[in-house]
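Colleague: With the hints as your guide, set chain B onto chain A.
What follows is each chain in one-letter form.
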Amino acid sequence: MPTALSSTEASPRAAAEPVWWRPVRDVGHLLRFRSASVRHRARFWWAVVLLGGITLTAAIAPAFVTATDSRRLDVATLLPSAMAGILALSVFSAIAAGGGRELIAREKAVAFPISPATDHLGALIMAPLNIAWLIQAWVLLGATAYGLGGLDLERLLSGQAVMVLWLVLATSTGQGVAWSVEAVRRGRFGLVVIRAVAVLLGVAALWVQLTGRVTDMLDRVPTRSLVFSALEGWTWRWGQAVLVELALAVLAVVLGVIPAQLAARRLPHDELRAEAGSRMPRPMPFSDLSALVRIDRASVWRSVPMRRGMAVLAIGPGLVAVLGGLRWESITILPGLVVSGGALLFGVNAWCLDGRGQLWRENLPVRPGLVFNARALVLAEFLGFASLITIVLASLRAGIPTVSELTAISCTLVVVIVQVVGAGMRWSNQRPFAVDLRSARATPAPPIVMVGYSGRLALSTTITGLVFSGLSRLPDPSISLLVAVPFVAWSTARLMRTRRRWIDPVARARVVTTVSA
Amino acid sequence: MTQSPPAVEVRSLHVRFGEVEAVAGVDLTAYAGQATALLGRNGAGKSTTMRVLAGLVPPTAGGATVAGHDVRTETLAVKRATGYCPDVGGLVTRATAWEHLQLAARLRRLAHWEERARDLLERFELGDAAHRVTGGFSHGMGRRLSVVLAALHEPEVLLLDEPFDGVDPIGVDATLEVIADARARGACVLVSTHLRELAIQACGEVLVLRGGSRVATVSAQDMAGEEGARAYRALLD
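Chain order of the listed sequences is A and B. Using the numbering used here, the first residue of the first sequence is number 1, and each one after it goes up by one. Using the numbering used here, the first residue of the second sequence is number 1, and each one after it goes up by one.
No lab work stands behind these hints, which were simulated from the structure alone. Take the hints with a grain of salt, since some may be wrong.
Which stretches of chain A does chain B cover? Using the computed rule of at least three CB atoms under 8 Å from a CB of chain B, they are [claimed, not checked]:
hint : region
1    : 64-74
2    : 266-277
Derived contacts from chain A toward chain B, CB cut-off under 10 Å, selection only [claimed, not checked]:
hint : residue
3    : M126
4    : L353
5    : N363
These numbers come from a predicted model, not from an experiment. Just so you know, even glycine gets a beta-carbon here, dropped at the ideal spot from N, CA and C.
Okay, chain B solo, but in the shape it has when bound:
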């Protein structure tokens, strides 16, 4: 059986901001229908790697392809193929939730998107807040809407950066459902988080980053339970 080409391929990725090297040689391969977690402490390089894959930050050295497109030269195609939930904020403060969805639908050329948008808003319990200005949203509501925006167009590659951060159990369940749906339709999912338990619940494979570099790639089962917690802590130190 021949395996399909990777949906995300990162080769020796380096990202430098001035004197700070945020990512120092990350390698990663993720396939369609799989969910991979990026685990690590604050400042491990998870969010910067996600930003590179979302087409926001160009690599300083090394390279990455997303859905077969080079992030450096085919940025627009990368943005079309991805759905991205940023780690911080991610919402335009004075626009409503519906206006966010309209903008995404317009720029992504989506037809008949309203029904799916309403369904997603209901699943994330944001139906009543659809026409409210997001500046008045709580942190958890903002996170949930960011996941909705990332998933709206059923992207080939779903990039969720800290999607569980400050989210209530209903929001967590809805996010896990979105990840499962994406895998089921053959999308590649990358979830960046520092919450080990949720990472292993959502993903099949876990990549541990430390100091901007990959230190291990293990299956989610190996990270589960007390044994997994000890192994994870050992990888972080």
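Isolated chain A (complex conformation):
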């Protein structure tokens, strides 16, 4: 008598599914689940079209710009270094993100059997949704089009194929390295090992710089052979290069599963210690504002991901400035970058900091304007502290600034902080999200929204930095002060408008109930 399968019997189809295929299928399911929760579908698709359009334009348009062959060759010689830069960026951003961004937030993911391999593939898909990665990728594709292009379409296409595969290879390698670092960090003495390795790398980089070997080293990067292959067009050597890149990319993706599994089996001790630790009681705060600021500071500074993110943001550009021997007019650009990056840690969704505690806090009898002031103040001091570390590090090699340079960088710092705090608080009111920021892998807003935020912040702060960089060369420091006044006035006015909106009980209730959901 024919019988149907019982619920405990494995279906023959399920048994036939290869082990390696399951994570791939699961990533597909998670992507569909994730895309179903997109609030504004039209806006999402416009963003996808915009990003795709920019990528295509960057990959094709520069090829048709009129230029001499020597000029194109100059740009082509920089391609190996640019490729190495992409690899370094992929490694560091994945490490800073605790192994890579989550496709599904940790809180929601616990209900599903998501394997570390699926998590690894998901993080790989999310990696390009990062403005630093996107800009570097666009620059690489644009430089390739310019350097190899001209009217030779064949060389353009073959060159871009090599570069696109390099982007895949660099990203998957970065992901694998980041999981390995995370696995070590979560082990016994892991933190000490990671910190020791970071110091050693810093010292090695400093030694390379001080002994004048940077150019030598860049001339020897292995990516040179890939660029030579790309130059040749559809030849056997090009085919070999493409095959090698493809094989290495697949290998990096597959090997990345091993440290991902290892990291998943280990607990993040420093984060758990921070969550379960005891704190010495402090005396009563002397005012309502100081009480609010104290609890907001606790939310920021006791968070391991926040502290780690700030350290990477503050020390990274500072070291680059030291190694690159940046002068004060170039250092003026750095506070804008650091402040923008710092705001992306929590500032663009500042009310999610308390999570569900926001419901209890909202019942406390205190004027909402004061709550807003405290949050803005804590955000500003967080951003200011990170920038000051960068400036102090950069100053180690730049020497003592002139009065004009000192005034210009001080003005830049104040202006970008007011600009970014204003933008962050405005977005926090307009588009709140319920996010648990306990994990370094979480972002305060969905990735595509984060790309928009980071692009807008980077644009405005870079323009501000460039303006004050120009002013730092002028002999009269008062010009910087005069220019800073309208910048600060405009941003303060916008911040005050956001504060008025927060005071409105209906608007505030929407934010509070959303972030507490």
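Modeller: Okay, now just chain B, sitting in the frame of chain A:
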């Protein structure tokens, strides 16, 4: 004998979130020294009603007064008069239990509050965890601390939203004790829950909500036992 004015009065309360009407015409009157339970299924509008009374969410239509203050126009006074235990979380993840109490004491202008705070923490078996960051608390510990925070300043109106959810028997007993103490000192207590047995144990009156509206107001005795369970189920369907 003239009855004192109601501590909580809700008149035809409507709360709408976009297209969803979370509360659709709730009426409620509760007096000082009384405990009233809000019973109902998930999504019945219990938590939203509590949030309105705590001054968190303004009504879309209708109105409510808490300790004589209009929730729409005198929000700060409402917050001063109430102690609120939210239905979800309700704690700042990276602050300690003591820091929560300090913040509440500071903003509520409490003097000599430490002894009462320590006593409440001990009653809820949280004395050892006073200086621990609440992110490491279990769900039950978090619920218990939320009740402590709501009761610290001995409010005129105590609003407890799902205070028994995931709490162990000692925590349940301590919560029942807090409710009894509040009634004894003349406070009005509102308890939102879907646990009928605990609701009738803690309260004298029960208000049943369904689909955002009130469907019945009955005495706790009428909801007790098998008969009460049948009546309650009939009201939910």
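Colleague: So which of those numbered hints doesn't the model satisfy?
Modeller: Of the numbered hints, 1 and 3 do not hold.
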